[in-house]
Each structure stands twice: as C-alpha cells, then as structure tokens.
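Grab the two chains, each in its own frame, and use the hints to assemble them into the complex.
So the protein sequences, as listed, match chains R and U. With the first sequence counted from 1, adding 39 to any position gets you the numbering used here. With the second sequence counted from 1, adding 55 to any position gets you the numbering used here.
Read the hints as simulated data drawn from the structure, not as lab findings. These numbers were taken from a predicted model, which means no experiment stands behind them. Positions of the beta carbon are idealized from the N, C-alpha and C atoms, including for glycine. Incorrect hints may appear among the rest.
Heads up, simulated EDC-like pairs for lysine to aspartate or glutamate below, C-alpha to C-alpha not over 16 Å straight-line [said to hold, decoys possible]: (1) K113/U <-> E91/U; (2) K148/R <-> D380/U; (3) K482/U <-> E129/R; (4) K90/R <-> E485/U.
A short list of chain R residues far from chain U (calculated; beta carbon distances all over 12 Å) [what the hints assert, rightly or not]: (5) K50; (6) P137; (7) K162.
Heads up, incomplete: computed chain R residues facing chain U, CB under 8 Å, no partners named [as the list claims (entries may be wrong)]: (8) E113; (9) V133; (10) K252.
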Amino acid sequence: MFLEIKDLSVKIENKNILKNLNLNINKGEVHAIMGPNGSGKSTLANVLAGKEDYEILNGKINFKDNDLFDLNIEERAQEGMFLAFQYPVEIPGVNITPFLHSAINSKRKRMNEDEIDNLSFAKLLKSKASDLGINIDMLKRSVNTGFSGGEKKRYEILQMSILNPDLAILDETDSGLDIDALKIVTDGVNKLKTKNNSFLIITHYQKLLDYIKPDCVHVMVNGSIVKSGGSEIAAEIEKDGFQKFQ
Amino acid sequence: MNSETLNTLDSYSKNKYKYGFVTEIDDEKPKKGLNEDTIKFISLKKNEPEWMLDWRLKAYSKWKKMKEPKWANLNFPEIDYQDIYYYSAPKGFEKKPKDLSEVDPKLIETYNKLGIPLEEQKVLAGVAVDVVFDSVSVATTYKGELEKLGIIFCSIGEAIQKHPDLIKKYLGSVIPPGDHSFSALNSAVFTDGSFVYIPEGVKCPMELSTYFRINAENTGQFERTLIIADKGSYVSYLEGCTAPKRDDNQLHAANVELIALEDAEIKYSTVQNWYPGDEDGKGGIYNFVTKRGLCAGKNSKISWTQVETGSAITWKYPSCILKGDNSIGEFYSVAITNNFQQADTGTKMTHIGKNTKSKIISKGISLGKSQNTYRGEVSFLRKADKARNYTQCDSLLVGNKCGAHTVPYIDSKNNTAVIEHEASTSKINEDQLYYCRQRGLSHEEAVSLIVNGFCKQVLQELPMEFAVEAQKLVSISLEGSVG
Numbered sequence: 040m041f042l043e044i045k046d047l048s049v050k051i052e053n054k055n056i057l058k059n060l061n062l063n064i065n066k067g068e069v070h071a072i073m074g075p076n077g078s079g080k081s082t083l084a085n086v087l088a089g090k091e092d093y094e095i096l097n098g099k100i101n102f103k104d105n106d107l108f109d110l111n112i113e114e115r116a117q118e119g120m121f122l123a124f125q126y127p128v129e130i131p132g133v134n135i136t137p138f139l140h141s142a143i144n145s146k147r148k149r150m151n152e153d154e155i156d157n158l159s160f161a162k163l164l165k166s167k168a169s170d171l172g173i174n175i176d177m178l179k180r181s182v183n184t185g186f187s188g189g190e191k192k193r194y195e196i197l198q199m200s201i202l203n204p205d206l207a208i209l210d211e212t213d214s215g216l217d218i219d220a221l222k223i224v225t226d227g228v229n230k231l232k233t234k235n236n237s238f239l240i241i242t243h244y245q246k247l248l249d250y251i252k253p254d255c256v257h258v259m260v261n262g263s264i265v266k267s268g269g270s271e272i273a274a275e276i277e278k279d280g281f282q283k284f285q
Numbered sequence: 056m057n058s059e060t061l062n063t064l065d066s067y068s069k070n071k072y073k074y075g076f077v078t079e080i081d082d083e084k085p086k087k088g089l090n091e092d093t094i095k096f097i098s099l100k101k102n103e104p105e106w107m108l109d110w111r112l113k114a115y116s117k118w119k120k121m122k123e124p125k126w127a128n129l130n131f132p133e134i135d136y137q138d139i140y141y142y143s144a145p146k147g148f149e150k151k152p153k154d155l156s157e158v159d160p161k162l163i164e165t166y167n168k169l170g171i172p173l174e175e176q177k178v179l180a181g182v183a184v185d186v187v188f189d190s191v192s193v194a195t196t197y198k199g200e201l202e203k204l205g206i207i208f209c210s211i212g213e214a215i216q217k218h219p220d221l222i223k224k225y226l227g228s229v230i231p232p233g234d235h236s237f238s239a240l241n242s243a244v245f246t247d248g249s250f251v252y253i254p255e256g257v258k259c260p261m262e263l264s265t266y267f268r269i270n271a272e273n274t275g276q277f278e279r280t281l282i283i284a285d286k287g288s289y290v291s292y293l294e295g296c297t298a299p300k301r302d303d304n305q306l307h308a309a310n311v312e313l314i315a316l317e318d319a320e321i322k323y324s325t326v327q328n329w330y331p332g333d334e335d336g337k338g339g340i341y342n343f344v345t346k347r348g349l350c351a352g353k354n355s356k357i358s359w360t361q362v363e364t365g366s367a368i369t370w371k372y373p374s375c376i377l378k379g380d381n382s383i384g385e386f387y388s389v390a391i392t393n394n395f396q397q398a399d400t401g402t403k404m405t406h407i408g409k410n411t412k413s414k415i416i417s418k419g420i421s422l423g424k425s426q427n428t429y430r431g432e433v434s435f436l437r438k439a440d441k442a443r444n445y446t447q448c449d450s451l452l453v454g455n456k457c458g459a460h461t462v463p464y465i466d467s468k469n470n471t472a473v474i475e476h477e478a479s480t481s482k483i484n485e486d487q488l489y490y491c492r493q494r495g496l497s498h499e500e501a502v503s504l505i506v507n508g509f510c511k512q513v514l515q516e517l518p519m520e521f522a523v524e525a526q527k528l529v530s531i532s533l534e535g536s537v538g
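Only chain U is shown next, with the shape it has when bound in the complex (with noise of 0.2 Å):
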C-alpha cells in the first residue's frame, strides 16, 4: 500500500468518526413495500426539505391511480410493488465480497476480457477495498476545476439541499410525475442520481461521468438525474459503465431530464450492461427508463447515444421535444438481446419550433431466442414549419429463433415537414463468415466483427475511450450465442 493511499484511508477513517451517526441511521432495516410511510422514511433519511416530501407524495397519489403502460412488446409476469425494497441503505462490509475470489468467476472473465484493471475490477464488484476512496480523491480533484468554471455536477440530493432553486424550477419540467406509471414511481421514490449545471457560455472541459461522482457506488434502483445547459453551453455526459454491475435489484426505473437553453447543446452518452439473466432466461434486471430532453431554446441541440446489451427486459425510448426554433435532436442507439433477453427500445421526436430537425440511428441485433423491438415515433405540431425528420433502422438477426420488430408511428399536422424512413432487416450472411474464417479468423471473432461493422455507425458517435470498450462489450455480448 502506498502512502498516498494510506493518506486517503487515514482521512476516511476520520470522517467515518465525524459522520457516524450516519452509520447508526443505516442500521434500521429498511421497510418493504411502497405507501406513503416509505416515502416519508426516504425523504427523511435524506434529510429533504417539505416541499420535496410534499411532490414525492403528490406524485405517490398520482402513480396508485394509474397502471402501467402497455404499448411495448413485452412478456413478464405482473410486478408486485409491495414485495419490493424502496430503500437500500448503503451495504455494510460484512456482507460485501471480502475479495475477488469471492466473487463470481464469469465476472471477472468478462472483466478481463474488456481489460479492466483488477483495483477497478473490485469496485465494479462492490469488494470491499480501499480503491474506492483513491477514486473518491480522484472525484475530488476533478469537482474542484469543474467548480472553477461554475459547473454544479453532484449528486441530486446534494442539489436539493444547496440548489433549491433549480431543483423547484426543472425538476419534473420534461417528464412531468404524472405522465405514466414509472415516472411517477420514480417521482415518488427516487434515492439518487446526478445533478448538473452547465452557466452560460461554458464549455464543460471533460466528459462527465458518474464514474467520477462521489457516491456513485451506490447509484439506487430508482436514479433520478437532471442537466441542464444553460444559453451557450455545452456538456458531454456519460452514463454508466461497459462492466457488468454485480446487483441484486431486480426493477429499475429511472428518469433523466434534460434541459438545453438556447444554443446550448448535451450530448448524453449510455452503455448499459446491467444482468441479462442466465442462458435459461431466469433472473435479470427489467430495466424501465424515462429518459427525455428539451430543447427549450433556439438552435439547441441534445444527442442521445445508446449501447444496451443487458438486462432481461428493456424498455426506454431516450426522446426530445424541439421546442426551440432550428432545434436538433439525435437518437443513434445499438441494441443487442441474447438468449432470453427482451427489448423494446426506440425515441420519440416531437417538432414543435420551426426548422426543427431529428435524425434517429437504430440498429438491433438479435440473437439466441431473444425479441427485439424498435419503437419510435416522430411528430410535427402545427407551427413545426420545414421541420425534417431522418429514420434509419436496421435489424440484424444471428440464427432462425429469434425475432426483430420495427414499429415506427409518425404524426404530421403540419405539410412542410419532411420525413425519410429506411429500414432494413438483414441475417448474417454466410458468404461474409466463411470469407472470414478463410482468412484465419474464428466463427466468433468474424460474427464480433461483421456485427460491430453493422454498429459502426452508432459506436462512432460514442466519446473515443468509450468507443474502444463498447466494441469489446459487443463482442462478448455475442458470445455463446455462435458456432
């Protein structure tokens, strides 16, 4: 052990002391099922102001009237939001993995495989090991010249104690609680996520990621994030990691708002590897998301780029509502579902200013006996003069028991807007595998490649480093599934 991290621990360890009636708090047994004492246990623990309570209630009596939507093409048994923990305290040592022979060898192959460094490794497996706080110094550095420029990027519920302001004013603005059932679950119950806060004219200078967030080791089932880019700015933002996450959760829904004034631009990045469940089809994470953006200026622009490879079932359509005049939306999005795995992933665009203009890149590839679904919709109000919608889809099936669906609903009220779609459905071809492996490469490795040629499109828009990974990701999503 260096000094340095010695230095770290010693400093954790002190703060541990400062804090510990925090640790007294997380010793209560957190209460199973969802009514409004739940709600009030969770605002309290994280010490909310009432106003806060108060919407999470609002948004409470809201979600026990409606039921879930049902538009997707999904199959799962009914959920029974009484059977579910609502609060997760942060988990004690004793029950993490002590090290990582104590964790799940297929893990930690998969983590080998995208080269992952073993101090990094115990994180993602949640062992329980000083690495965590050399990353916690790291975040450190990093919040204090992000914090030079004005940049607010904490946790949301820091922002709700420092930033009341902009919590009051954009929380619940893009994905209003009561739109459907999961935002206003998440409404009600959320526990963490992301905040940031981009001034005027700044140019964010790194890519931010919850990576680098302190306390992003215990992101909840419920995360709730919010940016917004204030006139002229900019930010790229990174969700989640190609690792696999050791997780015991088995529904997630969280919701992530985005605002960009005029001329400002997001850029919103998502790898996401969560457990897919076992060959068999059992376990696995449903994954439902509300993910939206405004683009609330003139020449605004947000971008959603998407790799989901996990998860039992996914259902997320990241959208953007052109509401600035000249606003741009972009969805480009790679899909892949193996073994059981379902999904039903796509965007919605509503052109609401003039010369509004969205571009969607989906690409699904089906494998095993998995069901993968593109739904999108794209709309034009009536003031949505020369707005300009492209759509490309293409569907890539690998072996004859698995299926792809294109659903795309477009809606014009307005007659100078116009709209392109393309689609394609394609096998892997046979001629390309055989010319591969005639040049000395594996089934597997000519499958991974034909495969990330079909996603080149989409993985090009991902931030470089992460570019590299999500290739590799593709590759042993594959896997299996071949030969």
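Chain R extracted, bound-state conformation (with noise of 0.2 Å):
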C-alpha cells in the first residue's frame, strides 16, 4: 500500500477534529476529497505533512513503507510528499530561485542523489515555469511576496512540479482562481501525473473535477469519510449539496 490511514483521531485546542477516519491511496490514482467547510480536510492535509499543531490520539498512517508519524515535516518532504498550501505564506527577501534550489538538493540528499548544480537548476526551472505559462521574471522575486492570490496558487503548482513528489496533496487550490487560472492549476496536475505517483486533491467545488478525473471520490462529514465512490458522487454533490450526507 502506498498510503494507508487508519483509525485515525486528531483533536486541536480540545477540539475533536479527525475521528477514526479510513483512507486507502495506491500508486498512479487520484483521489478527491469534499466536503462542507468545517469537515476537517485542511487538517487530514496538515496531519499528513506533520503540522506540529495537532494531538494524534489514535490511528496509524503508513507511507510508502514508513510508519509516518516517525518522520518530521523536512522528512516526509524529502520522502517525497508536497502540500500545495491554500493560503501559501509571504517570505520576504527569500528569492524564489535559491529557496527552491535548496528544496530540491534536500530531498536528492535523502534519495542518495548528487546534487543538482545552478546552472542545470536554473534550465529546469525555466523550462517548468514556461511550461506553466509562468512569467520568467516572477522567478527573480521573493517567495509569495506580493503575490496575486492566482499566482500564489501557481507559483505552489511551479514548485510542485520541481519537487515532482510521489504524494501532492492539493489543499483546496482551486479556490479564490478564476478559470483561466484554474486551467493553467489543472492543466500542471495532469501532466505530472504518472503510473508511479499520487495525487490527494482536496476541493469544495465539483468545479475542479472537470478537469481533473478522479480515480474515486470521498466525501468527508465531521471528520469521517461517509461515502467513497466515483466521479458520480462528484455530481451528486453539485447538484443535492452537503446537506444528504451529515
């Protein structure tokens, strides 16, 4: 199995947030999952990326053959999984360049990989970002500063297809975009995907899910995925709501 949850229960500030929530991923499929505001996705993506804000009370996640809460954030990032923040933050004098040059040598570090000099850095990243419809001249400013809430979301998709992670959980990227942002958002997923990587996306809206096809869909009420399915449950959502499944 690649990523296997189980019987997991999270609280925050006293606050059940999880409770015994199942999930199964296996190499080469995308899974979505929706759900109403308050049903706990962004924390499911937080657990996952080891945000150390919460308490595990009891479950266990399993990552490609790890035991995933025996690894620190830096750790599962080089393991191989990304997290394309909703509200990716703000860092002032940090070069975007630089930042991701140093990412993508930590993780060829961890895999035993000789690291990657700047000037073969700097071909790859102009060639991803022009593949992104990325204007080559974001590249010269600091991570996310000043930066549109669409090009927050694709400079997030930029990153994600330099680090090209086994696992991208996708924390609700589709929102606050505007369609042609979206396709550019969408458009970068499908051509990452492969038979050999995984994708958790993470969405409010059926909207994304037109362009991208979902291996199964979950959808997630107070901290439980109540039902599991295809893209038919995508639709049923769009047109009912929420409010059948709570």
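The structure is reproduced here in structure tokens:
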C-alpha cells in the first residue's frame, strides 16, 4: 500500500477534528476529498504533512513503507510528500530560485542522489515555468511576496512540478481562482501525473473535477469519510449539496 | 613546498637577521597597568617622534578625569584598567599552535563551514606557518599598484613616521581624544591600525582590506584607523574578516576616523566576529568602538555597513557629521546576538550643512537569552536647511527569552528638516518555518533562510565577495539556538 490511513483520530485545542478516519491510496491514483467547511479536510492535509499543532489520539498512517509518525515535516517532504497550501505564506527577502534549489537538493540528498548544480537548476526552473505559463520575471521575486492569489497558487504548482513528489496533496488549490488560472493549475497536475505518483485533491467545489479526473471521490463530513465512490458522487454533490450526507 | 614559498621563506629569514635587534626588544616583558610610563614605553617601542608622545600623554591626562559613558543598555562588571596589558609584543613562535591539530576544533569546524581554504585557516588561527609570508608577498604586489596612483595604505605607525603632516592635521580631528573615556583611552595607548590616503581625483581600483596589509597579523586591541579621501576621490574599505579570530584580549577599544573632502566618497564595511563567549555567557570580547566620519566637503558621502555577530558586548555607533552642503551619510547594520551576548549599536547623524541627507537601515536579530538594542541619534543644526533623514529599524526575535529594544533620539533645530522613522518588531513566523520545512528544508536551514531574507537590504550593501561570506556567517551565528 502506498498511503494507508487507519482509524485516525486527531484533536486540536480540546476539539476533536478527525474521528476514526480511514483512507487508502494506491500508486498512480488520483483521489478527491470533498466536504463542507469545517469538516476536517485541511486538518487531514496538515496532519499528513506533519504540522505540529495537532494531537494524534489514535490511528496509524503508513506512507511508502514508513510509519509516517516517525518522520518529521522535512523528512516527509524529502520522502516525496508535497502539500500545495491553501494560503501560501509570504517570505520576504527569500528569493524563489535559491529557495527551490535548496529544497530540491535536500530531497536529492536523502535519496542519495547527486545535488543539482546552479546552472542545470536554472534551466530546469525556466523550462517548468514556461510550461506553466509563468513569467520568468516572477522567478526573481521573493517567495509569495506581493503575489496575487492566482500567482501564489500557480507558484505552488511550479514548486510541485520541480520537486516531482510521489504524493501531492492539493489543499483547496482551486479556491479563489478564475477559470484561466484554474486551467493552468489543473494542466500542471495532469502533466505531472504518471503511474508512479498519486494525488490527493481537497476541494469544496465540483468544478475542479471537470478538469482533473479522479479515480475515487470521498465525501468527508464531521471528521470522517462517509461515502466513497467514482466521479458520479461529485455530480451528486453538485446537484444536491452536502446536506444528505450529514 | 613550492619554489616560490621557499623564496619568500628565504627572504624572510634574511630580513629577520637584518632586523635582529627588534627581536631583542620583543623579549622584554610588557608591563601590566596604565600610567605615563606605559605610554612612554609604547611610544618608545614604536620609535615615535616627541609630538606623538605629547599627544598621547595629553589624551591620558584627559582619560584620568573621565568616567565611562553610561548611555548604553548594557550590563557588565567594572573594567579594571590596571589589570590589562597595553602593549602585547608580537607573539613568539613557541607560543603559537604548531599546526591546526592544536587549535580548538570548534573554530576549525566554523572555518570549514565558511569555506575558508586550509592555508588561510592557519593564518586566522595564528598557526606559525610560511603562508603568512606568502600573503606578505601578495600584499607587496598590491602595494606597488596602489603607490603608482599615489594612494597611501600602510599601518598607522608607519604613517606617523613617514607622513607626519597628514597625521598632525587629521588624527583626532573627527574623534577628539577628550570625546569620551574610550576615545581618550585609545588615543593614549593605540598600538596599531590602518592609514589610508586617497589623493585628489583618484578612484581606488580595489577594495582595501586589512587582510592585505603587512603586519595585519598583529593588529592590536586598541586599533586606530584613519582614512582620508581627498577631493573627488573614492575608496571602499573592508575591515575584519568573516572568520572568527583567535584572540586573548578581553577589552577592545578601537577608534576609526574618516574624512571625506569635497565630492569624495568613502564606503566602510565591517564584519565583526570576535569571540562571543560560550553558551553560558563566560568569556568573550568587550568591544567598545568609536567610529566617526566627517563629510567635510560639499557633495561628499560616507557610508557605513556593518555585520555584527561576535563579541560578548558590542558598544558601537558609527556616525556621520554632515558638514558639507549636499553631503550624504548612510548606515546599514545587521546585529545578531545569541546566547548571553549584548549589543547596543546604532548611529549618530549630525546634519550641519544645507540639503544634507542621511539614511539608516538597522536590522537586529535576537536569539537565546541575548539583548539587542538599536540606539540612534539624528540631529539637525540651525543651518541645516532642507535636510532629510530616513530611518528604518527592524527587529526579529527568535524564541522567547531574548530582548529587542529601539531607542531613537531626534533633535531638530531647523523647521525645514524632514524626518521619517519606521520601526517594526516581529517574531519568527511559525507558518513560514512550516512552509519551508514542507519543501524539505531543515528547521535550521529554514531559520537561516528567513533571517538572511530579513537582513537582505543590508547584506546587499556589502561588496560582492564579502556578502556571500556574510550570508554564511549569519547562518552560523544562528546555530544551536533553534530546534
């Protein structure tokens, strides 16, 4: 099993958010999680990435034959887990290019691969950026600083395509995007998809799933997955909302 | 050993023979404590003319009546001036480590992280090796090139011998010996330092650095530096080195004077990385430095850039007196304190001439249990019409046991003056750390990236090569404080 979440319960500040959640994702699959606000979707993404604010009450997560709880945030990232943030944070003064260069090399180091040199990296970055329709000038700026909402999301996708993760989690990447930006983002995902990597797409709306075809759709309500199935579920939600699952 | 090294070694041994009597004098034991005899001893050792000795003795008599300035937010035990050696003769070879294996491994580790070549490490650690002579020969090459342009770059001791007119005219003209007790002390007992004179209209073609100066190895604890840029000239001067220096002296009280005449520009960059003391706050250098520049002529410019990461105590306010009309003063500073370090640093901008401008960018980073204070004074005198100042002070706190303080003084006697002041204090943001780590960077790498980003505005003012080293130094200064 590639990713296996078993009976996961999580709380934050005395509030139970995830309740005995189960989810399995195989290599090469795209899964979507849909759910109303406050159902625990973002918590799941952050628990997977290793954010330290949460208390794990019970359950296990297995990722690529690792007990995920044995790995810290950066080790998970280096093992190939990527989280595209809902609200990417600004880091003034930290230039995008060296930032991503350090990131890719820390991953290569863990995988016992040679580090990529400045020149090859600059070439890689430029070609990936132009694939995503990102202006080269943007690469001279500081991480997320002064970016519009759409630019931030596009930049998340650029980072994803550079780091080439085994498991990419997209946390409401579609929120706040106009249709053109949405196309760029979903194109990026579709280009990156192979039979060796997997995607977990968290979304509130069905629209994103018009562009990315999931193998499996899960409905999450009150911290648990209440229904799983094919893309017909997304259509059901589009028509009737989450009401009937609650 | 290659043939070149052999040659320099050979010539060195000849020189040593030639100046054999110097070695003899050095065998005398230096005396502890400060009195007129100490000063006479120093002056005699340096073979100084009578007027120089008089100057020193006058400064000493002023010092006797003075008390240490107390404005800083610092806490340290009283200094016993009678318990200090004021003249440390060049150390004998037998006292020095014979090779790097005798040097503190922590120091070597830092050198390696900074990417300093092995041969240079030996010089910095004070290992007695022939590489010193190699750098002397490098220095000589540079010196020849500078001489062709009429640039004087030598030790202050040499300048007193060879250029007495310039010394008499300018020494103490910006920092009078009676300014405060540390300047009086320095004036009385200074033993070494640099002298630079750039003639009219000459743009110095290279960064001048103490590193390339002969005798650089034994810069004393009471350094005195004097830089004069004549009309229309330009010079960029680098002080110090990013590598931590092995040093046994506890008290440092350097004086640096800059004079820029009409249309001249001086850029002075410092990276200070003296021993900061250990994790428990034991040991470390007390660094009481007076740095002041005089924009004497019209359209002149003086710019100070400093990166302060070392010393147990830093007390330092590089200042500009903007006397010439349209003159410009700048101060860019990064001060990082960790463990039990204390820094009280900032600047003084005194606007005297019309249309004078000053700019202050200060970035303070506090970690561990350290205290970091920005103290700045901007004053506008009556005749300083349409003068302007812009001040920006940012503080970054890492952890919750450290302190950041900002103490700006503003004094305006001219109502056409424009003053802008911005200040911010922030804690290192957990979301930023999470974001960086999610991309695979370690906690330490992430902190270092964020702090370097915070300092960027200042670091980019440093000369190119220096900036890269300074960035690494910033990262090293943060070690052990996070995670």
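Quick rundown of the hints versus the structure:
1. K113/U <-> E91/U: holds (10 Å)
2. K148/R <-> D380/U: Given that 16 Å is the threshold and the Cα spacing comes to 57 Å, the pair is violated.
3. K482/U <-> E129/R: Since the Cα atoms of K482/U and E129/R sit roughly 14 Å apart, the hinted pair holds (cutoff 16 Å).
4. K90/R <-> E485/U: Cα-Cα ~10 Å, so holds.
5. K50: Label holds. Min Cβ-Cβ 19 Å, cutoff 12 Å.
6. P137: P137/R not clear of chain U: closest Cβ-Cβ about 8 Å, inside 12 Å.
7. K162: Holds: least Cβ distance 20 Å, greater than 12 Å.
8. E113: Result: holds, 5 Å to nearest chain U Cβ.
9. V133: holds (4 Å)
10. K252: Because about 27 Å separates K252/R from the closest Cβ in chain U, which is outside the 8 Å limit, the hint is violated.
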